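Asker: Line order of the protein sequences matches chains A and B.
Each residue of the first sequence is one higher than the last, beginning at -17 in my numbering.
Each residue of the second sequence is one higher than the last, beginning at 122 in my numbering.
Please keep in mind that the hints were generated in silico from the structure rather than gathered at the bench.
Here the structure is a predicted model, which means the values were calculated and not measured.
Some hints could be false.
[Claimed, not checked] What the simulated footprint calls covered on chain B by chain A, stretch by stretch (three residues with Cβ under 8 Å from a Cβ of chain A suffice, anywhere in the stretch; the number is not a length):
#, stretch
1, 137 to 150
2, 173 to 184
3, 223 to 233
4, 251 to 261
5, 264 to 270
6, 291 to 299
7, 306 to 314
Heads up, the beta-carbon is just placed ideally off N, CA and C, and yes, glycines get one too.
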Amino acid sequence: MIVTSLPAAPPRPRWWRGEGARALLWLSPWIAGVSVFFVYPLLSAVYFSFHRYDMYTLEFAGLDNYRYLLRDPRVGVSARNTLWLVAVMVPATVLFSLALAQLVVRLKAGAGLLRTVFYLPSLVPMTAGTITFVFLLNPGTGPVDHLLSLAGVRGPDWFGDPDWSKPSLTLLSLWGCGQLMVIFLAALLDVPRHLYEAAAIDGAGAWRQFLSVTLPTIAPVLMFALVTNVIYALQYFSQAMVASRVASGATDSPGSSFSPGYPEESLLTLPQWLFQVGFRDYSMGYACVLALLLFAVSMIFTLVLLRQFRRSGEAS
Amino acid sequence: MSGRGRRLLLWVATHAFAVALALMFLAPVAFMALTALMTDEQALTSDLWPRSWNWANFAEVFDRSLLLRWAGNTLLYAALGTLFTVVSSVPVAYALARFRFRGRRAAFLVVIAAMMLPPQVVAVPIYLVWARLGLTDSLWPLILPMLLGDAFSIFLLRQFLVTIPRDYTDAAKVDGCSDLRTLVRVVLPMARPAVAAVALFQFFYCWNDYYGPLLYAGVQQDHLTLSLGLATFKAFHSVQWNLTMAATLLVTAPVIVLFFLAQWVFIEGVTLTGVKG
């Protein structure tokens, strides 16, 4: 074999050293994507937020949109609804998924089949699931009320009662918790067995073992689940919108007017209000103010999540 | 009671409880199917069991809606969206996982931030751009952006790629492989489960997406997707729960079939998101 000596490479400039330039090339589609679909819209949202804009005329409005934010009763309503989702629906869903995973882990017979049964509903298309739940919980004639009446219980007005509409959607969320359950299942299976044995020798019962062994071990996954679900709750849109429309019996197509959040704005979330303001009423400027509010809140939770990543040493 | 007897009792209790819960999880689909087969009149009563089996309800759904057209639109959105996402996200994830460069930590943080960004935040300015380009009333504003990478997919792939030992890529480099060749010949074959999971997740995301098509698909019936069409179907046939449930079942069925065809990908993919994340 003949080894030919290559001419010495000319010294490269500093920034070229390492793998920076190559990485830049590989990242370029994503950099373009971030600029066009992340940086640009955020900057122009700030710009539009100082304007009145209905897609035809653009006129400077100063701080009017921001002042209106403080007076808009719908913002308070949707903030309260979101707070309810964060305080009740998220913990309920996370704890239920964890309990379900714990149950599946303990099963000896038929675990695979049951796991599939618990997982499947999470794949049901969101519109289909929501319509089904409105049907199931139809007051008087729905199957759930029928079954309740067999037990002598009179069901509430579910999706028609502002006090029950969010709990009804929470039931939907519990039904669709399969993805979270599988995540918890994997985490539970990763807990080293010998820790349980050691705890058992120390005389710890099942509950004590859960508190002192399971919970600390799966804490990062639990935290991840909580924060992602809170962010998910901040974006809550489709289920609430479909439930409102179907339960109110609105016979309109997507283009026509509809008062969002039925019943009595109990399902009105900030993303829905933003959608109504921007894409139904065409107050693009004010919609951008709402978008920036949503952005600020989401970023706060994202920072919490990132801190969590760093703590579990995964972000490096 | 003896220790053995108690253990047996606990075994029975746990399994009975699990089976009861499983039945509750299956009940919505069962009621959906039973109602789908009822007559119009019976579907409005509180009966649980159909008096006659009206299989023709399914045919009627096809007659009364553009279900096949919606399925076609949804399939186009989901298939192209998935293809574009995989093709554009793999190189980015590869770069984030393998190259050492200044600012790669910052780049990764931007990926996470973009992943957490609610789609509604950027909706107005982006919508205005697509409107100016005359592309609203179509699904292209949803499909085309996927050519530029999807944050969640990049995140998932990157988390998987960092677990591949460096020795493999270093060996390829020693053998004179270019970056592209290393990716295609060495990394991708090892990353098949992650790529499959990303593809499947993206497919399902598009297939089930309601918000995106609501914004862009417009109001014409023949532009709708399945999830959007189903919601309007209910609005047009508000008292016909049997037809609505038949339509709901028809929209749900392909998803369930796909799950059974690719079960392992789902379970592994979900695990990937949570535990490594």
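Asker: All the hints need checking, so say for each whether the structure fits it.
Answerer: Each hint, compared with the structure:
{"no.": "1", "hint": "137 to 150", "result": "holds (count 10)"}
{"no.": "2", "hint": "173 to 184", "result": "violated (count 0)"}
{"no.": "3", "hint": "223 to 233", "result": "holds (count 9)"}
{"no.": "4", "hint": "251 to 261", "result": "violated (count 1)"}
{"no.": "5", "hint": "264 to 270", "result": "holds (count 4)"}
{"no.": "6", "hint": "291 to 299", "result": "violated (count 0)"}
{"no.": "7", "hint": "306 to 314", "result": "violated (count 0)"}
Violated hints for the displayed structure, listed by number in ascending order: 2, 4, 6 and 7.
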